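Please take these sequences and the hints and turn them into a complete structure.
If you read the protein sequences in the order shown, they are chains H and L. Each step along the first sequence adds one to the number in my numbering, with nothing skipped, and position 142 is 142. Each step along the second sequence adds one to the number in my numbering, with nothing skipped, and position 129 is 1129.
No wet-lab data here; the hints were simulated from the structure. Please read all numbers here as calculations on a predicted model, not as lab measurements. Among these hints, one or two may not hold up.
Claimed, not checked - Listed next, the in silico BS3-like pairs over lysine-lysine satisfying Cα-Cα at most 25 Å (straight line):
(1) H:Lys865 / L:Lys1135
(2) L:Lys1238 / H:Lys832
(3) H:Lys455 / H:Lys518
(4) H:Lys5 / H:Lys196
(5) H:Lys600 / H:Lys788
(6) L:Lys1267 / H:Lys865
(7) L:Lys1078 / H:Lys832
(8) H:Lys441 / H:Lys398
(9) H:Lys315 / H:Lys50
(10) H:Lys600 / H:Lys583
(11) H:Lys624 / L:Lys1092
(12) L:Lys1267 / L:Lys1135
(13) H:Lys441 / H:Lys486
(14) H:Lys865 / L:Lys1153
(15) L:Lys1239 / H:Lys832
(16) H:Lys865 / L:Lys1092
(17) H:Lys559 / H:Lys794
(18) H:Lys793 / H:Lys965
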Amino acid sequence: KLSIKELEKKYGTNIITGLSSTQAAELLAHNGPNALTPPKETPEIIKFLKQMVGGFSLLLWIGAVLCCIAYGIQYSMNTSASLDNVYLGCVLALVVILTGIFAYYQEAKSTNIMATFNKMIPQQALVIRDSEKKKIPAEQLVVGDIVEIRGGDRIPADVRLLSVQGCKVDNSSLTGESEPQPRSSEFTHDSPLETKNIGFYSTTCLEGTATGMVINTGDRTIIGQIASLASGVGNEKTPIAIEIQHFVHIVAGVAVSIGILFFIIAVSLKYEVLDSIIFLIGIIVANVPEGLLATVTVTLSLTAKRMAKKNCLVKNLEAVETLGSTSIICSDKTGTLTQNRMTVAHLWFDNQIFIADTSEDHSIFDQSSGTWASLSKIITLCNRAEFRPGQESVPIMKRVVVGDASETALLKFSEVILGDVMEIRKRNHKVAEIPFNSTNKFQLSIHKTDDPNDKRFLMVMKGAPERILEKCSTIMVNGQEQPLDKNTAEAFHTAYMELGGLGERVLGFCHLYLPADKFPETYTFDVDTMNFPTSNLCFVGLLSMIDPPRSTVPDAVTKCRSAGIKVIMVTGDHPITAKAIAKSVGIISANSETVEDIAKRLHIAVEQVNKDAKAAVVTGMELKDMSPEQLDELLTNYSEIVFARTSPQQKLIIVEGCQRQNAVVAVTGDGVNDSPALKKADIGIAMGIAGSDAAKNAADMILLDDNFASIVTGVEEGRLIFDNLKKTIAYTLTKNIAELCPFLIYIIAGLPLPIGTITILFIDLGTDIVPSIALAYEKAESDIMNRKPRHKKKDRLVNHQLAIYSYLHIGLMQAVGAFVVYFTVYAQEGFKPSFLINIRVEWENSNVNDLEDSYGQQWTEYQRKYLEWTGYTAFFVGIMVQQIADLIIRKTRRNSIFQQGLFRSPLPIGRDLALSLDAFRLIVLPSASRPQYWFVAVPFAILIWVYDEVRKLFIRLYPGSWWDKNMYY
Amino acid sequence: MAALQEKKSCSQRMEEFQRYCWNPDTGQMLGRTLSRWVWISLYYVGFYVVMTGIFALCIYTLMCTLDPYTPDYQDQLKSPGVTLRPDVYGEKGLDISYNVSDNRTWVDLVHTLHNFLAGYSPASQEDSINCTSEKYFFQESFQAPNHTKFSCKFTADMLQNCSGLMDPNFGFAEGKPCFIIKMNRIVNFLPSNSTAPRVDCAVPSLPQDPHKDARPLQVQYYPPNGTFSLHYFPYYGKKAQPHYSNPLVAAKLLNIPRNTEVLVVCKILAEHVTFDNPHDPYEGKVEFKLNIQQ
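Written as C-alpha cells, this is what we have:
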C-alpha cells in the first residue's frame, strides 16, 4: 500500500544500496533468524517415559507394586517367605520396560525415515547489502533487506515486490490454489493474501524476476502464523489408545471385583486377614495379562512395517489402527487425487470435440484433417516452454520442462504426437514474439514457414478463447477457411462451455498467414508498436487441459465408499475444477447431482429445489457464512461433499465439524496450510514427496508415494489389525481364567496349589506370546472393505461379549480341563481328589513329614512339594493343550474354521506346537511328567472347538438373534 | 479414566447409573429385561450343569481306572521319609530342648510319646497277628477277614526301656531321653534284600572343627540292634492292611553333654533306603537338635 519512499522510511533501508551489514546484524540479533521455529520437540526422555506409562503399562506397574506389597506383608509375617511375588513384580516391571524400549525404538526408526526427507540444501538468497549483491543463507535475512528473486527460487521471506518482470508464483503451499499467480508491484487488494505485490515466504517463483523488500521474517510471516496455528491445536487421543484404556478398565474391574469377592469369602472361611489380603493381591495380579502389552506392541509394529511396504509410513504406532476406524477422509485435491501436472485433455476443431489421451502412445483422434495440421503447428510454435537438455532417454511425460504448467502440457502433448518439437521450431524460425500477459491475455509469435516456396510469414496466436475469437473473422473447418458466422460462433460457445464445465482450462488457437506483398521477407516486426495485424485472423480450434486424476484414485474412492467411508474433497481450487475432478474420481458419483444441477435440469431457481440432492459443492465464501449447526446439517445431509476455495482455517473448521458427528476423521495434506487440520484430525496423513516439513511434522502418517490409493490399503490393514487384535485379546484372556481358577479353588477348597506363579509367567510370557502374535497374521474373514467403519463408541475392541465369552465359557472349560489333568496326576500318585480337599494346611506345613495319602503311604514335605510341582506341570500341560484349541477357534469369529482353512496361515499352529514341545523339554521334564498326561486334556480341547463351532454356526444361521447378540464378540 | 474426563456432574452420573439399574421406559434391569435375564440365567445354569456333569464324569472315569490297592506311580516315594517322636519343631527343623531339673519343660515331650504309643497298646493291636519270622511277609492273596491281608503286631512293650511302661518319663528325667524313630509307609516297598534295616544315630563331626574330640554317642536301641523286622514289609496299602502300624525303633541317648546344643542324626541303614538327597532332610534320616540343660 505504501509507496517505495514510504517503505524505505518505514524499514530504514534503501532500495539501491540495501541495508548496511551492521544494520542487518543488529536486526538479526533483534528479530532472530529468518526461519520457522520448529515445533517444540518433545525431549527424547519424555517420549521414552510416555511409552512406559501409557494405558496398558499402567496396569502392569500397578501389578508390580501390588506384588511388592504382598511380599512385604508376607515378609513381615514370616521372614522366610517365598520370593515368588518379588519375581513376579520384577518380571512385570521388566515387561513394561522392555516393551517400552521396543515401542520407542520402533517410533524412533520411523522418525529417522522422516528425517531423511527433511535434509534440504540450505536455501540461499540474493540480497543487496552495502550496495553489493551478496549470496547469503536465507536464515540471515532481516526486515528491510532488498532481495532479488528469479524463476525457480523459493521466496526467502515475506517480500513486498518493488519491481517485477513477468513474475509468477506458486502459492499452492499457502492457499492450495494450483494455478500460478502473476505478481506485480502494484497494490491491488487490502488483504495481504490477495494483493499482488507481496510474495510469500516458502512459495516458489515459477518464472520471471522480481526485486523486493523483506517485510516479515521467520515466525512473523504468513506461513509462520499458520504453522503456529498448528502447534496450538491439541493432539487427539488415538482410537486404539481409547480402546486399550477401555480394555484396561474391564480387566481392572473384573480383577478387583473377583479379588474383593474372594477376600470376603476368605475372611468368612476364617483365614487370617493378612493372608486374605495376600490372596486379594494375588487374584488381582493374576488377572493382569502380562504378555498382552508386548503382543499388542509387536502386532502394531508388524502392521506398521507391512504398511510401510505399501507406502504408508506410520509415525505413531497407535495410528496404525486409526486408519481402519476412519469414517471420513478429507482429501486434498492437488497431488493426492490428481497427478499435479497439467495435461491436454480435449481438443475441439472441425466442430468436434476430440479426446486427447497422452498417457497412451497412440492418440485416437482424427489426425488427417487439414485443421489439425494447422492447429498442431500453432501448438508447437506458439510456445516458449523447452525441455531441459540432456533428457533424451527419459520418457517424454517425465522430462523436466522450463516453462509454466500449461505450456509444459502443450509441449509434451505436441512432443508425443508430432515428434521432435525443437526441430520443428528450428525449421520455422521465430522472428517476433509477444509473451503472455494478463492485460492482453494472449500470446503471439511470428515465424518463417518451413515451406521454402512459401515466402509468407505465419503469425500464430493462443490465448483466452473469447479473446481469440474476437480477433477472428474466419474459421477453419476441414482445412478450409470459412467465414465465421453465427452458427459456427454458436458451436464454438457450446464447445467452450462444455469443456469449461469439465473443469478444464481452455485455450483458443488462431493463425494468419501474413500476405507476402505487405510483409516481405525483410520486414522487421516491432512488438511494441505492433506493426502487424492482430485482427481478422483465422480461428483454428480449442484445446483444454486439466490436472488429471491419478488412475488408481477412482477405484480407491469406490472402495472407500463400499467400506462406508465418506470421502470429502477439500481444496483451495476453483469450484468448477474441483467439482469436475470430484466427478471424475467418483467423489461425486456419476448419478448424483448437486442442488445447482437439479435446478439447472428442471429450469427452476436453486431455492425451489427440494433437499434430495446427495452432492454438494461448497465454497469457502459460503462456508464462512455458515453457523456450526448449518455445517453439521450439511455434513449429515449430503453424502458427497466438495469444499472449494477454502482457507487453512476453514479446513480446520471442516475437520472439527466432522468430528462433531462422532466420526473418525482422516485428513490428507501437503502444504503448511494443512498442518493445523492434520494435527486436529484423528489421523493426519502427509504427502511424502510433495509434503512440506510442517505437514509431515503434524501428521501421524506419511504417504510415501503421495497416492490416495495407498490410504485405502492403509484402511484395510487398519481394520484387519482391529479384528486381529480382538482375536489376540480373546485368546489371551481365555487362559487368564484358567490360571486364576486354581488360585480361587485353592483358597476355597484347600487343594494343594494347582499352578504356581512362575509357571503362569512361563505361559503368559513364553509359550503364548508367539501364537498370539501369529494371530495378527490372520487373514480377514470376510471382505472387511464392505463393512461400515466401526462406531467409535459402540464397537469396542473388547466388548462385554468378548470378555464374558472368554472368561465364563471357554476360560471355564479350560479350567475344568486343566483340573482334570491335575486330579489325574495326583490320583495316580496316590492322592485321590476327595482326599485333597482341605488338605492345604497340612500339605503346606513343613513340619509334617508323614502326611498320609489315600493309600496310607506317608509323604515328607519335600516329596509333597515335588508332587506339587508335578501338579503345576500337569496344569500347565492342560492349559497348553487347550490353548491350541483356543488358538484354532480364535482364528475366526464368525466363519467356521473349515471356511477359513486351518492351514491357510499355518504359522500359528505350527509354531504353537513346536513351542509347546520346547516348553515341555525346558520345564516339564524335571518334574517327570508322563506323555499320557498330554492327552488327558485333549477331549476338553475338542469340546472347546466343537462348542465354538456350534456358536459360530448359530451366529451364521440366526443373525440378529438373541444368540448372535450375546455370543458374537 | 476416559470416562472421568468427560465432563459430567456427579448427580448426572448417579442418574445414569440408576437408569442402568432400572430403566422404566424399557423395563430393563441392569441392561436386560426380566425375561431376558431369565433366559440368560437359564442358559448359564444349563451350561454349568453340563460342565459340572462332564467334570464329574471325568473324575468318575479317573476313579474307575485307579487300582484300589496300589497307586499307579510312586515317582516321589523312592525312599521312605523318617520321622521322630517327640516332634517339636523350631525355626529350622526339629529342635528339642529341656531342663532336667525343671519337669515342666519335658512333661509335654513325655506326654507326646505316651499319646503316640497309645496306638501301639496291645488293645489297639489286637487285630494284627504275631509274627516271628525274620523274613519278608509276602501275602499274595487276601486271607485275612473282610478280604484284607494280615498285618504284624507291633506293641509298645517291644521298646522295653523306652516303652513308657517301665519308665513313664522315657529317661527324660535323668537326661538320657528316649526318641522314637518311625519310617514312613510306602506301598510295596522293600527296604533291603535280606538284612533288616537298622537305625543308626550319631553326632556328625562338624566340618569346621573335625579335630574336636567328639565323644562318640552312646545309644541304646530298642528293639535290640535298632532293627525294623522284615516281617513288617512289604506294606500292602490302607485297604489291604487296615490295621497296619509302622514298626518303631527307640533310641535312648546315654551320653548327651549338658548345656550344649547337639545335632543328632539318625539314619536308616538299608540297601534301598537313601539318605543323601540334598533337598529332602527327612528322606532316609532324621536330624534333630538336642539341648539338655541342668
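For a quick check of understanding: which of the numbered hints are violated here, in increasing order? 1, 5, 8, 11, 14
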